[in-house]
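J.: Below are the chains, spelled out letter by letter.
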Amino acid sequence: MTDAPSYLETPSSPKLKGIWAWLLTTDHKRIGLMYLMAILFWFGIAVGLGLLIRVELMTVGETIMSAETYNAVFTLHGVIMIFLFIIPGIPAILGNFLLPIQIGADDVFFPRLNLFSWYIYIIGGIFAVISLFTGGAPNTGWTFYVPFSVQTESGVTFTVLAAFILGMSSMLTGLNFITTIHRLRTRLMGWLQMPLFSWSIYATSWVQLLATPILSITLLLIVIERIFGVGLFDPNKGGDPILYQHLFWMYSHPAVYIMILPAMGIISEIMPVFSRKAIFGYKGIVASSLAIAIAGSLVWAHHMFTSGMSDTAVFVFSLLTFAVAIPSAIKVFSWVSTLYKGSIVMSPPLFFALCFIYLFSVGGLTGLLLGAAGTNIHVHDTHFVVAHFHFVMFGGTAFAFFGGLHFWWPKLFGQMYNFKKAYISAILLTVGFVLHYIPMLILGLQGMPRRYYNYLPQFETGNFFAGIGAFLMVAGMAFMFINLLQGLLKGERAPADPWGGTTLEWTIPSPPPLHNFSEPPRVKSYPYDFSDVKKKKSAHGQV
Amino acid sequence: MEDNGVEHILSYPKLVAVLCVLFGLTAVTIVVSRIELGILNIWIAILIASIKGSFVLLFFMHLKYESRLLKMTFVGTVVCLAILIGFIFWDISFR
Amino acid sequence: MMVDTASSDKVGVKLGMWLFLYTEIMLFGGLFVLYAAYYTRYTADFIQGGKSLDLFMGAFNTIILLASSFTVAGSITAVRRQKKKMALGMVFTSIVFGLLFLVNKYFEWGHKFEIGIYPGSQTLKQAGHGKSIFYGLYYVITGLHGLHIVIGMTLLSISFYFIASNRVHAERYVVLENSGLYWHLVDLIWIFIFPLFYLIL
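Residue numbers (the working numbering), protein chains in the order written: chain A, 929 to 1471; chain B, 2 to 96; chain C, 87 to 287.
Hints listed in this document are in silico derivations from the structure and should not be mistaken for laboratory results. Treat the hints with caution; some may be incorrect.
Chain C is faced by these chain A residues, among others (derived, beta-carbon under 7 Å) [as the list claims (entries may be wrong)]:
id, residue
1, MET965
2, ILE981
3, GLY1157
4, PRO1169
Result set (BS3-like, lysine-lysine): computed pairs, CA atoms no more than 25 Å apart in a straight line [claimed, not checked]:
id, chain 1, residue 1, chain 2, residue 2
5, B, LYS15, C, LYS198
6, B, LYS15, B, LYS65
7, B, LYS72, C, LYS137
8, C, LYS211, B, LYS15
9, C, LYS137, B, LYS15
10, A, LYS1165, C, LYS198
11, C, LYS211, C, LYS100
12, C, LYS169, A, LYS1165
13, A, LYS1269, A, LYS1349
14, C, LYS137, C, LYS198
15, A, LYS1418, A, LYS1348
16, C, LYS211, C, LYS96
17, B, LYS72, C, LYS96
18, B, LYS65, C, LYS211
19, C, LYS100, B, LYS65
20, C, LYS169, C, LYS96
21, B, LYS72, C, LYS169
The structure presented is a predicted model; accordingly, all values stated were derived computationally and were not measured. All C-beta atoms, glycine included, are put in the ideal place defined by N, C-alpha and C.
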């Protein structure tokens, strides 16, 4: 193995110097890091906005902001979290960095398009900022329902254009990854030799490609309505506002699968490594990933049970929603079965993965309550919904993202972090999470509406404790990032394979050189073959 | 991984033939639209448009000579759109 | 087999272009969802609306776009047979046809504006919900389509320049092919717009 300098020290072209070696890079690894920085920046802002929401809700009546400000804060929190953090998150950061390596390729198929996608992401973020100055922050909620989104004087136009631009970044990334997987898999890397994280990126990419344009046209229509008053959703001009909701959710429901599929892919990588055992049901997980992508596109109107659409539609979409739960359950079952009779080694990535399995399952089960049309009427637009989607998007996707960061941090940077601090941060985060969102489930069942600035006095206790939980969560996350950063600055050097993995990224140096593979990658006939992984004394990075 | 050898070139006569078919079908669809067929009119119009579209796809866009992957993903996309349009009628038709 | 520079993998580049075309299909698809819903609700008004559109203009534009698809396909044949002048002529003709299409559209829209048919107008308000929606969809769909004609013409112009400067030739014509694919898609979308607006009589 040659001692080539790492990608952190090597520009993708020798002509690039200084900051331009990053801003003009076509190296998928550097682009992944640039996404990491931009996305974590927006994540921090959105967390701050979330904290403001929960502080405001800690007491009845006005606590720290006016009602108008509150509307803007929860709108921005949602828009930023969804379009600037969760949807790009795992694919743009970990997908970019790891997909080519996992399939034995040197880069993605369209490296310059990859860089272009990053710039589009940045421009989308800038448009979101501009919206604050063109009429003030949007106050419609991230769903931009008509008629309010057409009539309100707040900066909806620019926010919606920001989402449109971010959608293009998402689409082009999906396009790039699909082409990469079809054309650049190394010799002997057949479809059934591909790791499950790569499979999850593949399924996600198709959803990104085909569903995002529906959002694009929907957002364009809002802008057109605001400027030209065409009336396509205006009942006064013959329009149907429920059609807006249909179009909006035709994207936004598949979008949640864009969020969760890569997260599930991460869990599918972590579980076998720390069970020292092949994943249970590799083909089942592949099939369920594709099934989720497809079936998830057929259930969008379960967000609309109380909108006024026909009873037939309510019935059909409720039925299909229950069907979609099945492939997800198959995965949970497979992950747990992987642990069974495995040689389990605790590590921060595994800890996050186990929390994921619990929190995601709770989120999924609360989803059944929402998917059943009758019970939906009771909990629609209450805090029950808010808790549900935070369980799956935060307890699910974000926890998997954190687990993935802890799993692949040594590979990205060649540095380890402190395990004890990682566990403490994870525990703090999880305890805070549970204290924060379980009261919301109860409050929702008791009838507290979402997006309301004020509430009935009997809801105050629950909200107060939820607020405490919020602070614990944020403290946990802050501690987690500080620990990872400290690992970068003063941590131990990481070996190529600190965990005992079987996928290709663990066969190259940590951090990798510019050109991923100095010799042709040796592909196993089964990606989770642990037969020649020697048992290490401990998983604590001390090899 | 498929690697096309020498790719098929469409000759001018063949291209002209396709264009004539397209012109012909355009004439047909205009004529048929003037005949009162009630609800059938729109479906026939869509059918003829689909046939015209197929000629553009298969020959001008070369899809007939492309890989199975391209053919399947194209059909998949159209099916996806058809489902979106179709499923809306669970709502629209039963209000 | 590891491809050193992915851009030398023509099959891959073509796959990327087709994937992009799928996004365009879904983009217009959203508008067709709206059309399907509103046609069902306002069938009589849509029929009236269809009759009020200029069938000759619509048919003429259809013919123009079909012919321009032919010339674009022909330009690829010409490039591959190393007939540079023929290729340039074909691409140029396609661009001219595109321009002609836009000019027609300009007159069609202009005429409608003159008689008070535009989004938010009094005339449309009085014409009733169905007509208002019909014309709303007409303007949005043909407007978005027109924007794509402009994009297509830009791509073809770039291809024209590349052929002229020998950057596109018999051994290397993927840019022309992909620009052509985009143009054909624009034609394809019009093939559906034409009957849905002009032929529901």
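J.: Next, verify each hint and record whether it holds.
T.: How the hints compare with the structure:
1. MET965: At about 26 Å, which exceeds the 7 Å cut-off, the nearest Cβ of chain C leaves the hint on MET965 of chain A violated.
2. ILE981: 32 Å, violated
3. GLY1157: Holds - the Cβ of GLY1157 of chain A comes within 7 Å of chain C, reaching about 4 Å at its closest.
4. PRO1169: 12 Å, violated
5. B:LYS15 / C:LYS198: 40 Å, violated
6. B:LYS15 / B:LYS65: 13 Å, holds
7. B:LYS72 / C:LYS137: 37 Å, violated
8. C:LYS211 / B:LYS15: The given pair, whose Cα atoms are some 50 Å apart, is violated under the 25 Å limit.
9. C:LYS137 / B:LYS15: Roughly 36 Å separates the two Cα atoms, so the pair is violated.
10. A:LYS1165 / C:LYS198: Holds. LYS1165 of chain A to LYS198 of chain C sits at ~18 Å (cutoff 25 Å).
11. C:LYS211 / C:LYS100: 47 Å, violated
12. C:LYS169 / A:LYS1165: Violated - the C-alpha atoms of LYS1165 of chain A and LYS169 of chain C are around 55 Å apart, more than 25 Å.
13. A:LYS1269 / A:LYS1349: Given that 25 Å is the threshold and the Cα spacing comes to 29 Å, the pair is violated.
14. C:LYS137 / C:LYS198: 13 Å, holds
15. A:LYS1418 / A:LYS1348: 15 Å, holds
16. C:LYS211 / C:LYS96: The given pair, whose Cα atoms are some 53 Å apart, is violated under the 25 Å limit.
17. B:LYS72 / C:LYS96: Holds, at roughly 17 Å.
18. B:LYS65 / C:LYS211: Given pair LYS65 of chain B, LYS211 of chain C is violated - Cα atoms ~48 Å apart, limit 25 Å.
19. C:LYS100 / B:LYS65: This hinted pair holds, its Cα atoms lying about 14 Å apart.
20. C:LYS169 / C:LYS96: 22 Å, holds
21. B:LYS72 / C:LYS169: Violated. LYS72 of chain B to LYS169 of chain C sits at ~30 Å, over the 25 Å cutoff.
The structure fails to meet hints 1, 2, 4, 5, 7, 8, 9, 11, 12, 13, 16, 18, 21 from the earlier list, while all remaining hints are met.
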